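Listed here are the chains, written in short residue letters.
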Amino acid sequence: DTGVSQNPRHKITKRGQNVTFRCDPISEHNRLYWYRQTLGQGPEFLTYFQNEAQLEKSRLLSDRFSAERPKGSFSTLEIQRTEQGDSAMYLCASKEGGNEQFFGPGTRLTVL
Amino acid sequence: AQKVTQAQTEISVVEKEDVTLDCVYETRDTTYYLFWYKQPPSGELVFLIRRNSFDEQNEISGRYSWNFQKSTSSFNFTITASQVVDSAVYFCALSDEYGGSQGNLIFGKGTKLSVKP
Chain B
1 DTGVSQNPRH KITKRGQNVT FRCDPISEHN RLYWYRQTLG QGPEFLTYFQ NEAQLEKSRL
61 LSDRFSAERP KGSFSTLEIQ RTEQGDSAMY LCASKEGGNE QFFGPGTRLT VL
Chain R
113 AQKVTQAQTE ISVVEKEDVT LDCVYETRDT TYYLFWYKQP PSGELVFLIR RNSFDEQNEI
173 SGRYSWNFQK STSSFNFTIT ASQVVDSAVY FCALSDEYGG SQGNLIFGKG TKLSVKP
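Heads up: the sequence lines are chains B and R, in that order.
Sequential numbering from 1 applies to the first sequence in the numbering used here.
Sequential numbering from 113 applies to the second sequence in the numbering used here.
Treat the hints as calculated values from the structure; they're not laboratory data.
None of these values were measured; they are calculated from a predicted model.
Don't take each hint at face value.
What the hints assert, rightly or not - Chain B regions said to be covered by chain R (calculated; three or more residues, Cβ under 8 Å): (1) 67-80; (2) 85-95; (3) 103-111.
Claimed, not checked - Capping the alpha-carbon separation at 20 Å, the derived lysine to aspartate or glutamate pairs in DMTMM-like fashion look like this: (4) R/182 - R/141; (5) R/221 - R/198; (6) R/221 - R/156; (7) B/57 - B/44; (8) R/228 - R/141; (9) R/115 - B/24; (10) R/115 - B/52; (11) R/150 - B/100; (12) B/14 - B/56; (13) R/182 - R/156; (14) R/150 - R/134; (15) B/11 - B/86; (16) R/221 - B/78; (17) R/224 - B/44; (18) R/228 - R/127; (19) B/14 - B/44; (20) B/95 - B/28; (21) R/182 - R/138; (22) R/224 - R/156; (23) R/150 - B/44; (24) R/115 - B/56; (25) B/71 - B/96; (26) B/57 - R/208; (27) B/95 - B/24; (28) B/95 - R/208; (29) B/95 - B/63; (30) R/228 - R/129; (31) B/95 - R/156; (32) R/221 - R/127; (33) R/221 - B/44; (34) B/14 - B/68; (35) R/221 - R/138; (36) B/11 - B/56; (37) B/71 - B/28; (38) B/71 - B/86; (39) B/11 - R/167.
Ideal Cβ placement from N, Cα and C applies to all residues, glycine included.
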């Protein structure tokens, strides 16, 4: 299966620790998106890459968050000094051109 | 500003009933896309349909049908003869993409559908 994959699927961390998530998009997709979903809500846009260029960041992406897509393939999302409010499902999606976005299974983050 | 409203938080039906999930959107753009995604208990969002703002034709795919009405800014989703496997959270989403823009999705809060046997 060549869908979008995300690792890890679950992450439990203590407040103040740094965490990093990885997303591997569908191989021919040049666009990659990160979203955050909290319980009972729809996904909210965080940031967007076209190839290796980060072209848009949401106001939700505070200074503690950083995302990279160094070679235009996989992407990482790092959260520094995690807070309990960061607990959420982090979703990655990819697409090619004007087509629909395909989502990965998500990484569920729990900050204790 | 763009916004998607799914007024129905939860719906419960008995198997074989028809059910309609409502979606109302707001946008100032004249060109945009509308989507429906399904999120089963496993958590992964599954793409169901995409419509562009120029195409108001209704669409049917098996037991699923979609009614897009620009005049009321609505994009409703109907499941005919519902089945237990249809139980999931359904999200309506809006994208301003046309041509080369970013295309990030604006989601509603979702409607949780429970289909009981």
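Hint by hint, here is what the structure shows:
As drawn, the region 67-80 of chain B meets chain R at 0 residues by the rule of a beta-carbon pair under 8 Å; below three, the given contact is violated. For the region 85-95 of chain B, the proposed coverage by chain R is satisfied: 4 residues have a C-beta within less than 8 Å of a C-beta in that chain, meeting the threshold of three. Restraint check on the region 103-111 of chain B versus chain R: 5 residues with Cβ-Cβ distances below 8 Å, three needed, restraint holds. Between residue 182 of chain R and residue 141 of chain R the CA atoms are separated by roughly 12 Å; this keeps the pair inside 20 Å, and the hint holds.
Proposed proximity of residue 221 of chain R and residue 198 of chain R is supported: the alpha carbons are some 18 Å apart, at most 20 Å. As the CA atoms of residue 221 of chain R and residue 156 of chain R are separated by approximately 16 Å, the hinted pair is consistent with the 20 Å bound. With a C-alpha separation of about 12 Å, the suggested pair residue 57 of chain B and residue 44 of chain B falls inside the 20 Å cut-off, and the hint holds. For the hint pairing residue 228 of chain R with residue 141 of chain R, the CA-to-CA distance comes to about 40 Å; that exceeds 20 Å, so the pair is violated.
For the suggested pair residue 115 of chain R and residue 24 of chain B, the alpha carbons sit about 29 Å apart, so the restraint of at most 20 Å is broken. For a cut-off of 20 Å, the pair hint linking residue 115 of chain R to residue 52 of chain B is broken: about 29 Å separates their Cα positions. As the CA atoms of residue 150 of chain R and residue 100 of chain B are separated by approximately 14 Å, the hinted pair is consistent with the 20 Å bound. Simply put, residue 14 of chain B and residue 56 of chain B have alpha-carbon atoms about 29 Å apart, too far for the 20 Å limit, and the pair is violated.
For the suggested pair residue 182 of chain R and residue 156 of chain R, the alpha carbons sit about 29 Å apart, so the restraint of at most 20 Å is broken. Between the alpha carbons of residue 150 of chain R and residue 134 of chain R the distance comes to roughly 14 Å, so the proposed pair stays at or under 20 Å and holds. Proposed proximity of residue 11 of chain B and residue 86 of chain B is supported: the alpha carbons are some 12 Å apart, at most 20 Å. A hinted pair counts as satisfied when its Cα atoms are at most 20 Å apart, and residue 221 of chain R with residue 78 of chain B does not qualify at roughly 26 Å.
At roughly 18 Å between alpha-carbon atoms, residue 224 of chain R and residue 44 of chain B fall within 20 Å of each other, so this suggested pair holds. Between residue 228 of chain R and residue 127 of chain R the alpha-carbon distance is near 6 Å, which keeps this suggested pair within the 20 Å criterion. Distance check on the hinted pair: residue 14 of chain B and residue 44 of chain B sit about 24 Å apart at the alpha-carbon level, beyond 20 Å; violated. Restraint check for residue 95 of chain B and residue 28 of chain B: satisfied, since their Cα atoms lie roughly 8 Å apart, inside the 20 Å limit.
For the given pair, residue 182 of chain R sits about 11 Å from residue 138 of chain R by alpha-carbon distance, which is consistent with the 20 Å threshold. Between residue 224 of chain R and residue 156 of chain R, the direct Cα distance comes to roughly 15 Å. Compliance with the 20 Å bound is thereby established for this hinted pair. For a cut-off of 20 Å, the pair hint linking residue 150 of chain R to residue 44 of chain B stands: about 16 Å separates their Cα positions. Under the criterion of a C-alpha separation no larger than 20 Å, the hint pairing residue 115 of chain R with residue 56 of chain B is consistent with the structure, at around 19 Å.
For the hint pairing residue 71 of chain B with residue 96 of chain B, the CA-to-CA distance comes to about 16 Å; that is within 20 Å, so the pair holds. Distance hint between residue 57 of chain B and residue 208 of chain R is fulfilled; the C-alpha atoms sit about 16 Å from each other, no more than 20 Å. Of the supplied pair hints, the one linking residue 95 of chain B and residue 24 of chain B holds, its CA atoms being roughly 12 Å apart against a limit of 20 Å. The hinted pair formed by residue 95 of chain B and residue 208 of chain R meets the criterion: a straight-line CA distance of about 15 Å does not exceed 20 Å.
Restraint check for residue 95 of chain B and residue 63 of chain B: the C-alpha separation of about 26 Å exceeds 20 Å, so the hint is violated. Under the criterion of a C-alpha separation no larger than 20 Å, the hint pairing residue 228 of chain R with residue 129 of chain R is consistent with the structure, at around 10 Å. With a C-alpha separation of about 16 Å, the suggested pairing of residue 95 of chain B with residue 156 of chain R holds against the 20 Å cut-off. The hinted pair formed by residue 221 of chain R and residue 127 of chain R fails the criterion: a straight-line CA distance of about 24 Å is larger than 20 Å.
Between residue 221 of chain R and residue 44 of chain B, the direct Cα distance comes to roughly 10 Å. Compliance with the 20 Å bound is thereby established for this hinted pair. Between residue 14 of chain B and residue 68 of chain B, the direct Cα distance comes to roughly 23 Å. Violation of the 20 Å bound is thereby established for this hinted pair. For the proposed pair residue 221 of chain R and residue 138 of chain R, the alpha carbon gap of about 14 Å is at most 20 Å, so the pair holds. With a C-alpha separation of about 26 Å, the suggested pair residue 11 of chain B and residue 56 of chain B falls outside the 20 Å cut-off, and the hint is violated.
Among the hinted pairs, residue 71 of chain B with residue 28 of chain B is consistent with the structure: their alpha-carbon atoms are about 13 Å apart, no more than 20 Å. With a CA separation close to 27 Å, the supplied pair residue 71 of chain B and residue 86 of chain B exceeds the 20 Å bound. Between residue 11 of chain B and residue 167 of chain R, the direct Cα distance comes to roughly 42 Å. Violation of the 20 Å bound is thereby established for this hinted pair.
Hints 1, 8, 9, 10, 12, 13, 16, 19, 29, 32, 34, 36, 38 and 39, counting from the list given before, are not met by this structure.
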